[in-house]
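Protein chains: 2
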Amino acid sequence: MTDERRQKIESVLSKRQNDLTVVLENVFDPHNISAVMRSCDAVGIQEIYVLNTKIPRHKKWGARSSSSAAKWLTVYQFENTEECFTELRKKYPTVLTTHLSSDAVSLYQLNLANPVALVFGNEHSGVSEEIIKLADGNFIIPQVGMIRSLDISVACAVTLYEAYRQKQQAGHYHQQRLGQEDYLSLFNKWELNLD
Amino acid sequence: MTDERRQKIESVLSKRQNDLTVVLENVFDPHNISAVMRSCDAVGIQEIYVLNTKIPRHKKWGARSSSSAAKWLTVYQFENTEECFTELRKKYPTVLTTHLSSDAVSLYQLNLANPVALVFGNEHSGVSEEIIKLADGNFIIPQVGMIRSLDISVACAVTLYEAYRQKQQAGHYHQQRLGQEDYLSLFNKWELNLD
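Chains as they are written, first to last, in the numbering used here: chain A, 8 to 202; chain B, 8 to 202.
Because the hints were derived from the structure by calculation, they are not lab data.
As the structure is a computational prediction, the values presented were derived from the model and not from experiment.
Among the clues, some could well be false.
If several chains are the same, the list does not tell them apart, and a pair holds so long as it fits within one copy or across any two.
Stated by the list, open to error - Below are the DSBU-like pairs computed for lysine-lysine, each with C-alpha atoms no more than 35 Å apart in a straight line:
| # | residue 1 | residue 2 |
| --- | --- | --- |
| 1 | K140 | K22 |
| 2 | K15 | K140 |
| 3 | K196 | K15 |
| 4 | K196 | K98 |
| 5 | K15 | K97 |
| 6 | K196 | K22 |
Chain A with its partners taken away, still in its complex shape:
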């Protein structure tokens, strides 16, 4: 491994966040999943939860290519909502959905510097009732236009970058957030990811 490559990996790992994740519930289109993963990588999210209760388990999102974000993320796959939430709750005290509901608050009212898991639902039916009941709240991305149609990759990117902005202000990218064990384990794995 070149020094440059080692420095790149160290720099990225030193900015990976241990308190922000994304849950994709029955998101169908692989392009949407890839786009969400790129946004996760871009803001320093390390792990994401892929929950498929209604659609077949996804293939590996091109994880073999080093230009694929999947190669640099830890992806947990579940086919059972309760199991997914049991795991999720071990690390994330707050779980928020993007379901459109009367008690939804604006994205810009959230404190995203606190540990939180953000759930995005199926392209057509949104987040399921089951998840909404298990979650702690809903938020919406405000829209003031004639049409309502931010797609999931855009909605997720806008949300994650608002988290980035808040976490940046809170100093979350200024010092290592991963535990040392996770840091080293990822470092060893990423060393072998090189083409």
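Go by the hints and put chain B onto chain A.
Chain B only, in chain A's frame:
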């Protein structure tokens, strides 16, 4: 027109912004253009500039369907950069590009509540040298991941929603921003847009 529809149009027009626009320079993929237009509509941008110096003039982006954002935007098309900038400069004192350059500042350092035009470039080659020379500055969306690949629709949405956030804080959605003449002209046009 139903009262509900009239109220919707009035509500949207009352939030349209007169001091924020997007310039798309040689953006090739119609899906990207549509996605950018949806984001524009969503944050209350009324007019966008489509500049094609290298690729054929675009068709009408499905503007016939009321679910298309193009139907609710004022789209100016140019094939000449100077002409485009002459028009642009009449309304927008500041023009910023997203070109990756050493003097680029972070999106989050910009004051987007001031009048500004934001230029997004071709999917492969980015914003042209010609535009960079004519513009007032560059900005980047910070990325802390292993791969660098926010696509244009995501980059544009993240940028426009940061503008939304700042403009919301500055009270720009609390009172009509369009001149009364523009407001009425759009109202009359939108009345006829109904299916």
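query: Is it within, between, both, or neither for K196 and K22, if the alpha carbons may be no more than 35 Å apart?
result: within (17 Å within a copy, 49 Å between copies)
- request: Can you give me the call for K15 and K140, within, between, both or neither, at a CA distance of at most 35 Å?
  value: between (41 Å within a copy, 31 Å between copies)
K196 and K15: within-copy, between-copy, both or neither at 35 Å Cα: within (14 Å within a copy, 53 Å between copies)
query: Is it within, between, both, or neither for K15 and K97, if the alpha carbons may be no more than 35 Å apart?
result: Result: close within a single copy only, 30 Å intra versus 44 Å inter.
- prompt: From the Cα coordinates, with 35 Å as the cut-off, is the pair K140 and K22 best called within, between, both, or neither?
  reply: The answer is both: 33 Å in one copy and 34 Å across copies each meet 35 Å.
message: One pair to classify: K196 and K98, alpha carbons no more than 35 Å apart. Within, between, both, or neither?
response: within (22 Å within a copy, 52 Å between copies)
Every hint, counting from the list given before, is met by this structure.
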